[in-house]
Amino acid sequence: MAEKKMSFEEALARLEEIVGEMDSGKAELDKLLELFEEGTTLVRKCKKELDNAEKKIKLVTEDGETDFPPMK
Amino acid sequence: MERQIISVTELNLYIKAKLDGDPLLSGLLVRGEISNFKRYSSGHCYFTLKDAGGAVRAVMFNSSAQRLKFDPTDGMRVIAGGRASVYERDGQYQLYITSLEPEGVGALHLAYEQLKEKLAGEGLFDESIKKPVPRYPKRIGVITSPTGAAVRDIINIAGRRFPLAEICVYPAVVQGEGSVPTLLAGLEYFGFTSPADVIIIGRGGGSIEDLWSFNSEDLARKIRSSPVPVISAVGHETDFTICDFAADMRAPTPSAAAECATPDKSEIITLLSSQSAHMRKAVQRRVDIMRERLERVSSSNMMKNPMNFIDDRRIYLDTLSEKIVAGAQAGIENKRLSLRGVAAALGALNPLAVLSRGYGAVFSGSGSLIKSTDDIKIGETLKIKISDGEIDAAVTGKRHKGGKNNG
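These protein sequences, in sequence, are chains A and B.
Number 14 in the numbering used here belongs to position 14 of the first sequence; there are no gaps in the numbering.
Take any residue in the second sequence, count from 1 to its spot, add 72: that is its number in the numbering used here.
Hints were generated in silico from the structure; no laboratory data involved.
Please note: incorrect hints may appear among the correct ones.
[Claimed, not checked] Distance condition first, Cα-Cα at most 20 Å in a straight line; then the derived DMTMM-like pairs of lysine to aspartate or glutamate:
hint, chain 1, residue 1, chain 2, residue 2
1, A, Lys45, A, Glu16
2, B, Lys210, A, Glu10
3, B, Lys190, B, Asp290
4, A, Lys48, A, Glu37
5, B, Lys353, A, Glu38
6, A, Lys48, B, Glu339
7, B, Lys337, A, Glu16
[Said to hold, decoys possible] Computed far set for chain B versus chain A, every beta-carbon distance over 12 Å:
hint, residue
8, Ser114
9, Arg322
10, Glu331
11, Gly437
12, His472
Where a beta carbon is used, it is the ideal one built from N, C-alpha and C, also for glycine.
Kindly generate the complete structure, drawing on both the sequences and the hints.
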């Protein structure tokens, strides 16, 4: 699965889906554990992404988008 | 004094000169009500100003009319600024108006109310056409002054709450001449050229004149044509602009707009943790249920002592087989009894049966049954049949019943 490409929002949506499926109690135990592993990985990934994210601030100029000058 | 004859033109010019020379008349402010308002294609406006006691004709040339922030209409009470002069061709004096203010409310306010009513009438502010603001934007387009307090607030708050989003600032002029085109260009940029997921357009607080650019009709229409949802954040909480009404969401301040555009990082982390716990619980719950099922199965008699089960079956089998044997025997006995009954009945009819009671049947040597003493002679040999065989005998004498002796 192309988990690397998943956007933050998609990851959250998938996580909600996983939790929903696990809650339904319909999944076989094997599948349940598989979901648990996928979900746990997603949680870790999302948290890490949030923690490591740095503000990206751009300014539109005639030459395109450049870094926003530091503010006083 | 000899009276001088003058032309009409000379009279009009004379009166015009009189009026134009009066400093009071060159800087008038006249209160009145507009009637017969007409705007020509040249842009010049002609109307009558009147009150209860009189009327005066008025003209407002295009150069002044262009600067009007509102649409003058008949019946509107106004304060007109200008000068009184004469139109020589008609010989009529009139007001040459350079400024027009609605009486009571300011011109800007009136213009705002008029535009608001017009656009609302077109359905431009309908809640039903408003686009939802995405929860997790990847790119936030900010259209505002790059040096104001507003941009600083937005960058700080949006960046702190959701650092995953890229914030891109389109430097706009947010007040005065030429500001509207930069705001429109910003919307074009984030709506089409380099689309954002959500747009924040706004500025910090100021006077109604400072915020005036955000009451532009063009801006309102551009916002509505944007494929990207727009959050409007103009001035303070108490300031309302046309831009606010046209936008998909109105934020009371630029800081609030940044909050509307971003989810809170700490809330997401809380959500992630709770989902993580939720998943663990779901697995635990399932394991518990399965363990309980296993427990129930393994604690059953069958699993605990399988021999019991077999023993039980064996005993049952024994019982059954005994019953079958007993049943069979009883059946056979029954048959036997009924057979015996039949045999007895038959035996009663069988002449030989009587032999078993100790009787014997006597036959002559030739095998005929002897029924009378007359059937034999002394010396003859006899066969006596008894129940278990025959006896050979000889007749040594015979006596006939009744004492008659035949031997």
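Holds or violated: Lys337/B to Glu16/A, with C-alpha atoms at most 20 Å apart: holds (17 Å)
Verify this label for me: Arg322/B is non-interface relative to chain A, using a Cβ-Cβ cutoff of 12 Å. holds (24 Å)
Regarding the pair Lys210/B and Glu10/A, is the alpha-carbon distance no greater than 20 Å? holds (12 Å)
Taking only the CA atoms, is the gap from Lys190/B to Asp290/B under or equal to 20 Å? holds (13 Å)
Is Lys353/B close enough to Glu38/A, meaning Cα to Cα at most 20 Å? Holds - the C-alpha atoms of Glu38/A and Lys353/B are around 15 Å apart, at most 20 Å.
Hey, is Gly437/B genuinely clear of chain A, shortest beta carbon separation above 12 Å? Holds, since 105 Å exceeds 12 Å.
Is it correct that the beta-carbon of Glu331/B has no partner in chain A closer than or equal to 12 Å? holds (16 Å)
Agreement of Lys48/A and Glu339/B with the hint, judged by alpha carbon distance not exceeding 20 Å: With Cα atoms ~15 Å apart, Lys48/A and Glu339/B stay inside 20 Å; holds.
Would the hint linking Lys48/A and Glu37/A be met if the CA-CA limit is 20 Å? holds (16 Å)
Please verify whether Lys45/A and Glu16/A have alpha carbons no more than 20 Å apart. The given pair, whose Cα atoms are some 14 Å apart, holds under the 20 Å limit.
Verify that the Cβ of His472/B lies farther than 12 Å from every Cβ atom of chain A, and report whether the claim holds or is violated. holds (113 Å)
Are all C-beta atoms of chain A more than 12 Å from that of Ser114/B? holds (39 Å)
Every hint, counting from the list given before, is met by this structure.
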